[in-house]
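Chemist: For chain A, the structure is supplied; the task is to place chain B on it using the hints.
The chain contents come next:
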Amino acid sequence: QKEVEQNSGPLSVPEGAIASLNCTYSDRGSQSFFWYRQYSGKSPELIMSIYSNGDKEDGRFTAQLNKASQYVSLLIRDSQPSDSATYLCAVPTGNKLTFGTGTQLKVEL
Amino acid sequence: EAQVTQNPRYLITVTGKKLTVTCSQNMNHEYMSWYRQDPGLGLRQIYYSMNVEVTDKGDVPEGYKVSRKEKRNFPLILESPSPNQTSLYFCASSPPRDRGEFEQFFGPGTRLTVL
Chain A
1 QKEVEQNSGP LSVPEGAIAS LNCTYSDRGS QSFFWYRQYS GKSPELIMSI YSNGDKEDGR
61 FTAQLNKASQ YVSLLIRDSQ PSDSATYLCA VPTGNKLTFG TGTQLKVEL
Chain B
1 EAQVTQNPRY LITVTGKKLT VTCSQNMNHE YMSWYRQDPG LGLRQIYYSM NVEVTDKGDV
61 PEGYKVSRKE KRNFPLILES PSPNQTSLYF CASSPPRDRG EFEQFFGPGT RLTVL
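Each protein sequence line maps, in turn, to chains A and B. For the first sequence, this note's numbering assigns the number 1 to the initial residue and increments by one for each residue that follows. For the second sequence, this note's numbering assigns the number 1 to the initial residue and increments by one for each residue that follows.
Isolated chain A, as found in the complex (with noise of 0.2 Å):
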């Protein structure tokens, strides 16, 4: 089992919808997850971090942890064409931060 893992997509959304994007993860002591963004072509850029089950609203941006379960997820509300792009899960192990493959997502007109 991958340790960090996501769907590769695509996931194609009209625009002004809610995009959700989900990664699942094999350590259940992780503590602390992140989801980045990266445009193709670009470096990965951080967009959210969580610490504690529940939710977290940042803009158009919300993360949403469950612990129990070992789910991360991030929903992207009023979907805009500029938010296509790969989105990256990431949670440390120790020291090292674990990347999932990402998700392609696409915002349609």
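Keep in mind that the hints were calculated from the coordinates and are not lab data. C-beta atoms are modelled at their ideal positions from N, C-alpha and C, and glycine is treated no differently. Treat the hints with care, as some may be off.
[What the hints assert, rightly or not] Partial list, derived from the structure: chain A residues whose beta carbon lies under 7 Å from chain B:
#1 Ser43
#2 Pro44
#3 Leu46
#4 Pro92
#5 Gly94
#6 Lys96
#7 Phe99
#8 Thr101
[Claimed, not checked] One-sided and incomplete, this derived list gives chain B residues near chain A with beta-carbon spacing under 8 Å:
#9 Gly58
#10 Val60
#11 Tyr64
Modeler: Chain B in isolation, oriented as in the chain A frame:
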């Protein structure tokens, strides 16, 4: 401007010819790391460094070396490159984890082709 810089941005080389990719950050971060990104495999950590003179292996260290003689610099060395090291490489840095974050600031990437 706070940033991570990498050089070169693009490199085409031949099998066995030693090369170094430089990485430098101006944010006084202790933690630095190298990743490679390949289609279908995502970002995989090669090596990381917790501070000067402290380095450790990531998930895919074979064929790579690193050094951390200064806080700002973390070069990646390929002593004898092979075609399977053709990839997109990212350097990243972050503040200490005890500040509550593991936020990685990434460099612009180095696209390496080994013929």
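Chemist: Can the hint on A:Ser43 be confirmed by a CB-to-CB distance to chain B that is less than 7 Å?
Modeler: holds, 4 Å
Chemist: With a cut-off of 8 Å, does the beta carbon of B:Tyr64 approach a beta carbon of chain A closely enough for the hint to hold?
Modeler: At 15 Å from the nearest chain A Cβ, B:Tyr64 fails the 8 Å test, so the hint is violated.
Chemist: Given A:Phe99 as an interface hint, is its Cβ closer than 7 Å to any Cβ of chain B?
Modeler: Where the cut-off is 7 Å and the nearest Cβ of chain B is about 4 Å from A:Phe99, the hint holds.
Chemist: Does the CB of A:Leu46 sit less than 7 Å away from some CB of chain B?
Modeler: holds, 5 Å
Chemist: Against chain B, run the beta carbon of A:Thr101 and see if the smallest gap drops under 7 Å.
Modeler: holds, 4 Å
Chemist: Classify the hint on B:Gly58 as holds or violated, based on whether any CB of chain A lies nearer than 8 Å to its CB.
Modeler: holds, 6 Å
Chemist: The hint names A:Pro92 as touching chain B; please verify it with the least Cβ-Cβ distance against 7 Å.
Modeler: holds, 5 Å
Chemist: Hold the hint about A:Gly94 up to the distance rule: shortest CB distance to chain B must be less than 7 Å.
Modeler: With a closest approach of 9 Å, the A:Gly94 hint is violated.
Chemist: Checking hints one by one. Is B:Val60 an interface residue toward chain A, by the C-beta closer than 8 Å rule?
Modeler: Given a least distance of 11 Å, the restraint on B:Val60 is violated.
Chemist: Quick check on A:Lys96 please, does its C-beta sit within 7 Å of some C-beta on chain B?
Modeler: Status holds, d = 6 Å.
Chemist: Identify whether the interface hint at A:Pro44 stands, where standing means a beta carbon of chain B within less than 7 Å of its own.
Modeler: For A:Pro44, the interface hint holds, since the closest Cβ of chain B sits about 5 Å away, which is under 7 Å.
In this structure, the hints that do not hold are numbers 5, 10 and 11, in rising order.
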